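**Q** The lines below spell out each chain.
2 protein chains.
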Amino acid sequence: MLITYICTWLKWTDLMNACFSGKLLVIPMDGSHWVAIKALAQAMGRRGHKVTVVIPEVNIRMGPGKHYDTVTFPVPYDKASLNIIGTNKHLMEKSSESFIQDMRKRFAHMQRIADFLHTTAESLLFNATLISHLAEQVSGFDAVLTDPMVPTGTLMARLPSINLLRGIPCLMDMKAAGCPSPPSYVPRFFTGFTDKMNFMERTINTLVSTYLLYKHFDHIAYQFLGEEVGIAELLSDSAIWLQRYDFTMEVPRPLMPNIILVGGINCNVRNPLPEDLESWVSGEHGFVVFTLGSMVSDMPVKRASVFLEAFRQIPQKVIWRYTGQIPDSVPDNVRIMEWVPQNDLLAHPGARAFITHGGSHGLFEGLCHAVPMVMVPLTADQPDNAQKMASKGVGVVLDIMSITTEGLLQGLNAIINDTRYKERVQKLSAVHKDRPIDPLQLSVYWTEFVMRHKGAQHLRAAVLELNWIQYFCLDVIALLATVLLVFVILTVKCFKVCLRKLGRKRKQE
Amino acid sequence: MLITYICTWLKWTDLMNACFSGKLLVIPMDGSHWVAIKALAQAMGRRGHKVTVVIPEVNIRMGPGKHYDTVTFPVPYDKASLNIIGTNKHLMEKSSESFIQDMRKRFAHMQRIADFLHTTAESLLFNATLISHLAEQVSGFDAVLTDPMVPTGTLMARLPSINLLRGIPCLMDMKAAGCPSPPSYVPRFFTGFTDKMNFMERTINTLVSTYLLYKHFDHIAYQFLGEEVGIAELLSDSAIWLQRYDFTMEVPRPLMPNIILVGGINCNVRNPLPEDLESWVSGEHGFVVFTLGSMVSDMPVKRASVFLEAFRQIPQKVIWRYTGQIPDSVPDNVRIMEWVPQNDLLAHPGARAFITHGGSHGLFEGLCHAVPMVMVPLTADQPDNAQKMASKGVGVVLDIMSITTEGLLQGLNAIINDTRYKERVQKLSAVHKDRPIDPLQLSVYWTEFVMRHKGAQHLRAAVLELNWIQYFCLDVIALLATVLLVFVILTVKCFKVCLRKLGRKRKQE
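Which chain is which? The protein sequence lines are A and B, in order. So for the first sequence, this note's numbering puts the first residue at 648; every next one is plus one. So for the second sequence, this note's numbering puts the first residue at 648; every next one is plus one.
Just so you know, not all the hints are guaranteed correct.
A pair holds if it fits inside one copy or across any two, identical chains being indistinguishable in the list.
What the hints assert, rightly or not - In silico DMTMM-like pairs for lysine to aspartate or glutamate, Cα to Cα no more than 25 Å straight-line:
#, residue 1, residue 2
1, Lys726, Glu1112
2, Lys1101, Asp842
3, Lys1101, Asp1085
4, Lys822, Asp1122
5, Lys949, Glu985
6, Lys1069, Asp1085
7, Lys822, Asp842
8, Lys1039, Asp884
9, Lys949, Asp991
Treat the hints as calculated values from the structure; they're not laboratory data. Note that this is a predicted model, so its numbers are computed, not measured.
Between the sequences and the hints, there should be enough to build the whole structure, so can you do that?
**A** Okay, structure coming up:
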């Protein structure tokens, strides 16, 4: 009774949820996708929930944490083959092959990644022992937290689900949530368009928006569930969509009530820099952070030399995450590390510039800490992201295939010495951070909401029960058009009859 | 410098905005609309902003407050005529006239209210002295807070604007915000439909959604600004829409980024009950609150007797807001008052039932404090509201025109003694209140956001720059249809030519 009163009194404060503790199942995705899920899993564990994270035995960067338990499952690949699949090194190799051969190689790489994702998903779903072990526990879980880009979690656990994601290609996430995405001003992935499109761009955007992926996962769903149900349909049952999306980076667009924006979720997950790094980066000219994301830590030596030559000519120090072959002469102001605490470095007041591949996590971190950027996009949503940030005037985009020492130097000098870049990124950063509630806290809130209420039924829109003919009111339009047509035909007929009668009368006269 | 550091440190906490103080102009609307605006004006004043509220000299319930200044302007009507315009008493009078005459009377009443709103708006806008006085100050104001149902504030001050509203008929607010409202599952005002409509309902809803109001305000806009600009166009420049809307009461629907939901904004604006009232309502059976909103405090004596007879037969006490002629015998358990602290009474643990006209403020208060309701809707959005709440099983709807003592008694007994009503309203109330941030605090946050950043430009969707042909991609569809048609025609022609040639060849053979 006393606890109820205290809870009532504490409502609308962060402490409210202290009165509730539950069990959360987490089915994450590897690579950079892991960063946000881990932050939320840790935060949930810290708040007293029992959090169980299911990860493959072999993975890129997933692992145990202080505030959650892990359950692992075997996969039919080893670390070495994972590294080969994961590397994007060839994306930086100037190809002497024909355009067609080059494109074929790129598609083959994409296919390898897709196959790898399918294999991982199948290894989990068709691991009968693990699935039955989890199934026994499932009744005890209150909800599942997952990244539906690989919809294993959605398939596996028929639990109220919280999706934490950047987005699914072809806007399948928005389709599954029943969210309108008018192609007239909501640009599609990979088009590079903004929300201001000319006629041709709108045409392309409209055509692209009819494209659908995820056929193989539909097949996996059929095999696993034994029923004909598409991934999109399964996803439409999701309780809450936590989207790493923010209007300082993305275009303003309609959203559904159960889509919660948490762009920049990991910006406040920070640790102090290791002492030696802290003392190394200190200096009057500050430093540059250079990373190309979790998938790319290597590059051809020639390309590496291009970067090093540019770094030699700037007064700033450079911390570079690089695991490849180190060229002969590394300048004194460059420190090469196998792994860097990227967010902690960017949060340091000495950070002057950020050289990034334009992955969303990195861009959010740069934006959060107001560091101007040189962006060298490689693949996936990176070119789109980079273009959007460049259009805000907070950085420059360089083409990794044709990058030169002079070009890089020019870009670096611009964003470091032209104060307008810093001013613009500071202004954008201020707006980005000016939100009523911290995105990680907000994610915790809605995850707990789903656990407390066994879903978020009151946010589920009726659009999810309509077929597309009903949704677009095509049947209504057909009826109204028919009525109008009949009216017009009858009017014309009446008119003709009248005219004829009038004609006859005149003749008789 | 120190302040900057403190502010940085305080970011994402409620204290953040303590570092900012500005000037806010408030152009409110009278009646129940005033309640929410006043709550926000007071909250803004309390946070150290200079708040100036502009109100007509003669009004229903607007007045000075502890935390804001008022500026008044003369109007060409007195309190008596205002009372006549405001009363809805005749809506409760059983008419012996024909249906047509009755409807005519109702329309005449609506027209009187519209004329009154127009007169008030014109009295302010064409008051040259006041307008120039405010214009002098306008450069000093950071933003204008207004209820755009009467768009005086929008017209008057070309300042970044915050709209606090329940909604504008014909969804003009949503249209102005560029927000999609698919007629297939978003019911229109006055239709009484839910989000699950059959074919005929969808047809009616689609037809209703093409209807437009606000012509006279367009005319006022032209007279005031001297340019041809519609109210909808002016409203589309609004920075933030604070909508008194909540998905526990309304249907889930798409929203734009600058639409912030603050349904239940005034639920936490509470004071202790006056001592005599507190002691009067105490008792083992609890009490019933009976009010019909700010516009209706009177009713025909016969109708009043119907209510009193029902009240005589229940063990609960009844507090009734009523200013009309008091019938001869008022039961001991009924206390008639000219004004009641509705929200404070509903928040009292002894409140067992709420008899209400179904105005949104009352319903939100009932919902907030989990009090089951008997709803007797009169006009405007009240029938829709009442229907929605009844569909959630938290109250019953009675027709004021045909209400009987038995019917009322039955309704009251049901919601008081059938525990399912209480359980359902408690559950709905828990979901309603389970929000990451209190709606008044959220309103303050976004009002200050607009003041800090001179608007909310990053939330403005590009849809507002498109005409409807572009928005619906009708030009793109026309192009694609033409391409398809040409392709089909060419294919058919080719096919015909081939067939002909084949025919000739066969003939030659």
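**Q** What hints, given by number in increasing order, does this structure fail?
**A** Violated hints (numbers, rising): 1, 9; every other hint is consistent with the structure.
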